[in-house]
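Undergrad: Chains as they are written, first to last, in the working numbering: chain A, 1 to 115; chain B, 1 to 111.
Some clues are possibly wrong.
[Stated by the list, open to error] 27 angstroms max Cα-Cα, derived DSS-like pairs, lysine-lysine:
1. B:Lys-98 to B:Lys-57
2. A:Lys-26 to B:Lys-37
3. B:Lys-98 to A:Lys-70
4. A:Lys-70 to A:Lys-80
5. B:Lys-45 to A:Lys-28
6. B:Lys-71 to B:Lys-57
7. B:Lys-68 to B:Lys-45
8. B:Lys-57 to B:Lys-68
9. B:Lys-57 to B:Lys-45
10. B:Lys-57 to A:Lys-26
11. B:Lys-45 to A:Lys-26
12. A:Lys-28 to B:Lys-37
13. B:Lys-98 to A:Lys-28
14. B:Lys-45 to B:Lys-98
15. B:Lys-37 to B:Lys-57
16. A:Lys-26 to A:Lys-70
17. A:Lys-70 to B:Lys-45
[As the list claims (entries may be wrong)] Which stretches of chain B does chain A cover? Using the computed rule of at least three CB atoms under 8 angstroms from a CB of chain A, they are:
18. 9 to 17
19. 66 to 74
Worth flagging that the hints you see were computed from the coordinates, not collected in a lab.
If you're wondering where the values come from, they're calculated on a predicted model, not measured in any experiment.
All residues carry an ideal CB built from backbone N, CA and C; glycine is no exception.
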Amino acid sequence: AQTIHQWPVAEIKAVGSPLSLGCTIKGKSSPNLYWYWQATGGTLQQLFYSITVGQVESVVQLNLSASRPKDDQFILSTEKLLLSHSGFYLCAWSRDWGASQNTLYFGAGTRLSVL
Amino acid sequence: GEQVEQLPSILRVQEGSSASINCSYEDSASNYFPWYKQEPGENPKLIIDIRSNMERKQIQELIVLLDKKAKRFSLHITDTQPGDSAMYFCAANGDNSKLIWGLGTSLVVNP
Chain A
1 AQTIHQWPVA EIKAVGSPLS LGCTIKGKSS PNLYWYWQAT GGTLQQLFYS
51 ITVGQVESVV QLNLSASRPK DDQFILSTEK LLLSHSGFYL CAWSRDWGAS
101 QNTLYFGAGT RLSVL
Chain B
1 GEQVEQLPSI LRVQEGSSAS INCSYEDSAS NYFPWYKQEP GENPKLIIDI
51 RSNMERKQIQ ELIVLLDKKA KRFSLHITDT QPGDSAMYFC AANGDNSKLI
101 WGLGTSLVVN P
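Make a model of the complete structure from these sequences and hints.
TA: Below, the structure written as structure tokens:
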């Protein structure tokens, strides 16, 4: 069975500080990986996707970056947090290329508060 | 453009009644329409989806209807239970393997 693990569960950070969020998928080789952001009570906004190691595509520009250093690992980061970065960050994976055609399996998420 | 409109934003129903959520999309090339349920503090989970080669799909108490001509699709929950209370998101596929999400519907089932 596949499992997806996100860390940390929650973060409280100061404006201007750096951030690194992680996501690991076990039990599935070459998963398609996604980062989503959700404001409190808001909809889901896709930030990045990756179909293979070392390749990441940006969907929206939010002063964030993503990397896929290993097949099973997806990292979201920024050097300087903004207040607007607060929210719920969700990592997700899908079996085949194209989230548009396949179920997205979300991690438990990281709740970020920027003060 | 790429937008999915979802209505209503809040839906309150009595236990045992039906609940309906409606979505409309803009891209005529969209051919995949999933519905996700998100309980408070939890991650979204797929509950049902429909592809453009179908007009209706049912899984237990969940029914999805798709009208490609009108570019509309809808979720119907029959015999609602308190456990159905949650946020529901519709989505439609767009360019670059992107899902375009609706703004969500907060469903409250009153016992």
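Undergrad: Against the structure, test the hints numbered earlier, and report the numbers of the ones violated in rising order.
TA: 10, 18, 19
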